[in-house]
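Please build the complete structure, drawing on both the sequences and the hints.
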Amino acid sequence: MNMIEVENVTMRFNMSREKVDSLKEYFIRFMKRQLYFEEFTALENISLTVKQGDIIGIVGLNGSGKSTLLKIISGILKPTSGSARIHGSISPLIELGSGFDFDLTARENVYLNGAVLGYSKAFMSENYAEIIEFAELSEFQDVAIKNFSSGMIARLGFSIATITKPDILIVDEILSVGDFRFKEKSEKRIHDLMAGGTTVVMVSHDIGQIEKLCNRAIWLNHGKLMLEGDAKTVCAAYQAGATQ
Amino acid sequence: MELTIEDILAAISVVIIAATIILVVVNIPRLKALWPGFKKYRHLLATLVSRDIKVKYRRSVLGLLWSVLQPLFFMLIITLVFANVFKLGIRDYPVFYITGFVVFSFVSESTTLSLNSILGNASLIKKVYIPKYIFPLQKCLFALVNMVFSLIAVAIVYIILQVQVYPTVFLLVVVMAYAAVFSFGLSLILSAAVMFFRDVAHLYGIWVTAWMYLTPILYPLSILPEPVQNIVKLNPLVYYVEYARSVMIDGVIPDLNTNLICIGFALLTLIIGLVFFKRTQDRFILHM
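So the sequence lines, in the order shown, correspond to chains A and B. Residues 2 to 245 in my numbering are what the first sequence lists, from first letter to last. Residues 2 to 289 in my numbering are what the second sequence lists, from first letter to last.
No lab work stands behind these hints: they were computed from the structure. Please note that a few of the clues may not be correct.
Subject to a maximum C-alpha distance of 16 Å in a straight line, what follows is the list of computed EDC-like cross-link-like pairs (lysine to aspartate or glutamate) [claimed, not checked]:
(1) A:213 - A:231
(2) B:57 - A:102
(3) B:234 - B:7
(4) B:55 - A:109
If you want a taste of the chain B side facing chain A, the calculated C-beta under 8 Å gives, among others [claimed, not checked]:
(5) 45
(6) 56
(7) 125
(8) 127
(9) 129
(10) 131
A virtual CB, placed ideally from N, CA and C, is assigned to each residue, including glycine.
Put into structure tokens, the structure is as follows:
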């Protein structure tokens, strides 16, 4: 079964020197006929099908469009042309703790972030204890998270985002959360999810990690799809190609 | 028989209402498709509204009481100035003023807060998919909650001044529903427009002040000269304020024309808002 279908996706951004966001500026540029922008193509004609249970890694240098592709799959960005369809529930781990309100306590943030991901209050109450325990924050439940360290925030975010078994998990460079102990724990949890049939799309600069976890990989370079295939082949080609 | 401006507006409203019904019927499948998304995020909506309420009153000693006290203080000041200095000669001026004030501040608060609601949640919208209309809707609901609290202030004025209460007071719910739909429509337009032109925020700030004087809150519409009245009557808020006064102070159920105009303005604004928002929402993220 196809879980993710990306068809001929092209993403272009307007790269005006300064963003024209005031009426005056817009008007002046309109009069001067300078309302043309430099276009930047972040992704060009990408097609990708991900089947159920696939663990697919995306490799590429900085600025090659990896995160843009993840955002399009997650529905955060709409492509300029082409389409991206997903089938089933999706849990994006794009930036941990992005739904947090720093003035609220850890407890309040668990419910808030759960709601951001579309979970009900009752569901979050059921899983509350497990979330806090996994994040190792039981002593700090009622402390405003503006007083937390970045590691604590990332742990809490990871713990909330992986509490359900989503059909699709989107992972952007976040397997390096916290200290080595928590890293092991979070890797184990990702493994459990994968074993349970979850489809995973991950971005990582750690080639070893991609080779270890993924069965397939794609290599992006300047928004173009260079190679698609099994993880080992793609990683080898990427390393050979990127060092040239 | 000469047509009044109300007749013309009511006729236009009938057309708007008919068009809305047709639009809804034609788009039933699309509207149905929206439902699962809304259902999924209704918890988020509830959480965000309750967070707004918590944050507003956190660290203030009097807390929620401020929602009651603020309109009361305004009413006191305005009554002192207008009823005594200008001698408008209106029966129960405090009630007259506070009714209009509550309606107007609901509209101005909900729209002003909505204006920055999407921009203010940029960090969230960039990282998680959330239907964006949730944010203006959140601010409108929050303003609605505040409005309900300020009705306590109205009740206090009624009790102190021993003003007669009519059974029509329950129709206040109807006019609040009209005003809420109108405000949500306007909120959609503003929150989307500000994504492309930040000036909208400043312009709207000026407009709200002007709007307050163009709406008969401090004065009765009848003191304006006839030609000016006809211009002021193009302002939707005139009808919402008059509606509220009619059911609260006069105990009269507003006529069909007033109801049609109220609905017409609300639906027209909502449709424009929905269409504009839907067309532009995918590009918001590029302007954050």
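So, going through the hints one by one against the coordinates:
Between residue 213 of chain A and residue 231 of chain A, the direct Cα distance comes to roughly 12 Å. Compliance with the 16 Å bound is thereby established for this hinted pair. For the suggested pair residue 57 of chain B and residue 102 of chain A, the alpha carbons sit about 14 Å apart, so the restraint of at most 16 Å is met. Restraint check for residue 234 of chain B and residue 7 of chain B: the C-alpha separation of about 8 Å stays at or below 16 Å, so the hint holds. Simply put, residue 55 of chain B and residue 109 of chain A have alpha-carbon atoms about 11 Å apart, close enough for the 16 Å limit, and the pair holds.
Checking residue 45 of chain B against chain A: minimum C-beta separation of about 4 Å stays under 8 Å; hint holds. Annotation: interface hint on residue 56 of chain B holds; nearest CB of chain A at approximately 7 Å, less than 8 Å. Evaluation of the residue 125 of chain B hint against chain A yields a held restraint, the C-beta minimum of about 6 Å falling below 8 Å. Because the smallest distance between the Cβ of residue 127 of chain B and any Cβ of chain A comes to about 7 Å, under 8 Å, the interface hint for this residue holds.
Taking 8 Å as the C-beta contact cut-off toward chain A, the hint placing residue 129 of chain B at the interface holds, the least distance being around 6 Å. Of the supplied interface hints, the one on residue 131 of chain B holds, with its beta-carbon coming within about 7 Å of a beta-carbon of chain A, less than 8 Å.
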